[in-house]
Amino acid sequence: MIEFRSVGKTYPDGTIAVADFSLIAPSGRTTVLVGSSGCGKTTLLRMVNRMVSPTSGSVWIDDLDVATTDPVALRRRIGYVMQNAGLLPHRKVIDNIATVPRLTGVSKAAAHVRALELMDLVGLDRAMAGRYPGQLSGGQQQRVGVARGLAADPNILLMDEPFGAVDPIVRAELQQELLRLQRELHKTILFITHDISEALLLGDQIVILRRGADIAQAGSGLEIIARPADEFVAEFVGLGGERQLDIRRVGDVEIVLDGSGRPLGQVSARS
Amino acid sequence: MTWVLANLGLIAERSWSHLGLAVPAIVAAFALSVPIGWFAQRFRWSRAAVLSLAGLLYAIPSLPLFILLPTVIGTSVRDRLNVIAALTLYGVALMVRSVADALDAVGQEVVGAATALGYPAWRRFLGVELPLAGPILLAGLRVVAVSTISLVTVSALLGVSSLGMLFTDGFQRGIIAEVITGIVATVVLALAVDGLLVLGGQILMPWTRRTR
Numbered sequence: 001m002i003e004f005r006s007v008g009k010t011y012p013d014g015t016i017a018v019a020d021f022s023l024i025a026p027s028g029r030t031t032v033l034v035g036s037s038g039c040g041k042t043t044l045l046r047m048v049n050r051m052v053s054p055t056s057g058s059v060w061i062d063d064l065d066v067a068t069t070d071p072v073a074l075r076r077r078i079g080y081v082m083q084n085a086g087l088l089p090h091r092k093v094i095d096n097i098a099t100v101p102r103l104t105g106v107s108k109a110a111a112h113v114r115a116l117e118l119m120d121l122v123g124l125d126r127a128m129a130g131r132y133p134g135q136l137s138g139g140q141q142q143r144v145g146v147a148r149g150l151a152a153d154p155n156i157l158l159m160d161e162p163f164g165a166v167d168p169i170v171r172a173e174l175q176q177e178l179l180r181l182q183r184e185l186h187k188t189i190l191f192i193t194h195d196i197s198e199a200l201l202l203g204d205q206i207v208i209l210r211r212g213a214d215i216a217q218a219g220s221g222l223e224i225i226a227r228p229a230d231e232f233v234a235e236f237v238g239l240g241g242e243r244q245l246d247i248r249r250v251g252d253v254e255i256v257l258d259g260s261g262r263p264l265g266q267v268s269a270r271s
Numbered sequence: 272m273t274w275v276l277a278n279l280g281l282i283a284e285r286s287w288s289h290l291g292l293a294v295p296a297i298v299a300a301f302a303l304s305v306p307i308g309w310f311a312q313r314f315r316w317s318r319a320a321v322l323s324l325a326g327l328l329y330a331i332p333s334l335p336l337f338i339l340l341p342t343v344i345g346t347s348v349r350d351r352l353n354v355i356a357a358l359t360l361y362g363v364a365l366m367v368r369s370v371a372d373a374l375d376a377v378g379q380e381v382v383g384a385a386t387a388l389g390y391p392a393w394r395r396f397l398g399v400e401l402p403l404a405g406p407i408l409l410a411g412l413r414v415v416a417v418s419t420i421s422l423v424t425v426s427a428l429l430g431v432s433s434l435g436m437l438f439t440d441g442f443q444r445g446i447i448a449e450v451i452t453g454i455v456a457t458v459v460l461a462l463a464v465d466g467l468l469v470l471g472g473q474i475l476m477p478w479t480r481r482t483r
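Sequence order for the protein chains is A and B.
Per the numbering used here, the first sequence starts with residue 1, numbered consecutively.
Per the numbering used here, the second sequence starts with residue 272, numbered consecutively.
In short, the hints are calculated from the structure, not lab data.
Please read these numbers as outputs of a predicted model, since none were measured by experiment.
By construction, the Cβ of each residue, glycine as well, lies at the ideal position given by its N, Cα and C atoms.
Warning: the hint list may mix true and false statements.
Derived DEER-like restraints, expressed as beta-carbon distance ranges [said to hold, decoys possible]:
| # | chain 1 | residue 1 | chain 2 | residue 2 | range |
| --- | --- | --- | --- | --- | --- |
| 1 | A | 104 | B | 480 | 27 to 37 Å |
| 2 | B | 319 | A | 13 | 44 to 54 Å |
| 3 | B | 397 | A | 69 | 37 to 47 Å |
| 4 | A | 104 | B | 315 | 28 to 38 Å |
| 5 | A | 120 | B | 397 | 45 to 55 Å |
| 6 | A | 24 | B | 391 | 36 to 46 Å |
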């Protein structure tokens, strides 16, 4: 479990990145923080592994205030996956994946065995092991990033717009892979995106943020779509726009139309 | 050509002592510049001052430096160590800025990624920043190497053995072939060392040659 207790972050120049934020990200679930760029979501994520120190409040992992931990040891226990994968360009795929185990003193042979297993897990051909990141496609790099985040078998996975820089088809593929992985692994995932569709797909809990990391609404996707807290949320999720759907009866079937009247599909027969 | 063929032994010997002066100076300049350049890059407030001071070293004329340096480091003027020390200073003058620039050029994203993975600062510097700064470091080192090899010849005026002695000796005795040989041999030596550095870079930085 990750718990934010009234955290705030004000920079020395007076910029308020996070005003006053409290949230519990339950264990084994995916919590998605979604908001426009500059809303403070990345700052929140970085507070968990102490890349950023809050100027007020505290962040807890289970019963541990992260401010009391050694940051280097803490980071090695938390998987981190970032946009553009953040791979080390001078190290082969297998060494990139093995980075954290190697840092914690696992032998090279053992770390490589584990890295190859992880390549299987994230759907990477083992033949890629000896390549450099620059020789891979964006989607493959991102898979390496996920494998590297999982290498030390952390309970917590922080994902900072991990699929933001790949094309839509690859993104959809990676999202499905993540759902599959999460069904197997049950990690506590804190995921950041600006894409509400991605949030609705991946999030057990979705947190919609305004500027200053002010929570507009938190809940399941179902709750948010059924009862958006206010105008801001309704507009953000696309109600009144693309996600405002219509049902129309054509003969004996019902079809669903999107906000602009484009037919999306049929409604399954109801009992 | 006949002069060259008749004096192959001498040319080889002078080339060897030339390298004996240049290589230690190049290595020492690199070894000293990395921590100085790191300091200038890491502590922004010091950057302008450190880089200007280092650059100023290059403005010291070489002959006076060869003569003054012994009073500081306690060697004799004709000591090979004196020449190596002077050449090292010139190398540092050129290299410090390259080190600072090379470290600047390492992407903040990669450095952030390494931090997030749990690299301690020193290990991140040695394992991530320094290797990724490699291509620009190498470019700087190549300039230092070529410039050092050419500067070594000045030490012939002090009577220290190097290819430079072929010019001084050739001038004094009016042997044009010897002067030309000295020049050509210095250039060849510089090109050879430069080639070795490029090759070494490809071996040490395999990721730079195999991109997509």
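Hint-by-hint comparison with the structure:
1. A:104 <-> B:480: 27 to 37 Å: holds, 31 Å
2. B:319 <-> A:13: 44 to 54 Å: violated, 23 Å
3. B:397 <-> A:69: 37 to 47 Å: violated, 24 Å
4. A:104 <-> B:315: 28 to 38 Å: Holds - the Cβ-Cβ distance for residue 104 (chain A) and residue 315 (chain B), about 33 Å, lies within 28 to 38 Å.
5. A:120 <-> B:397: 45 to 55 Å: Once the Cβ atoms are compared, 32 Å apart, the range 45 to 55 Å for residue 397 (chain B) and residue 120 (chain A) is violated.
6. A:24 <-> B:391: 36 to 46 Å: violated, 31 Å
Violated hints, listed in ascending order, are 2, 3, 5, 6; each of the other numbered hints is respected by the structure.
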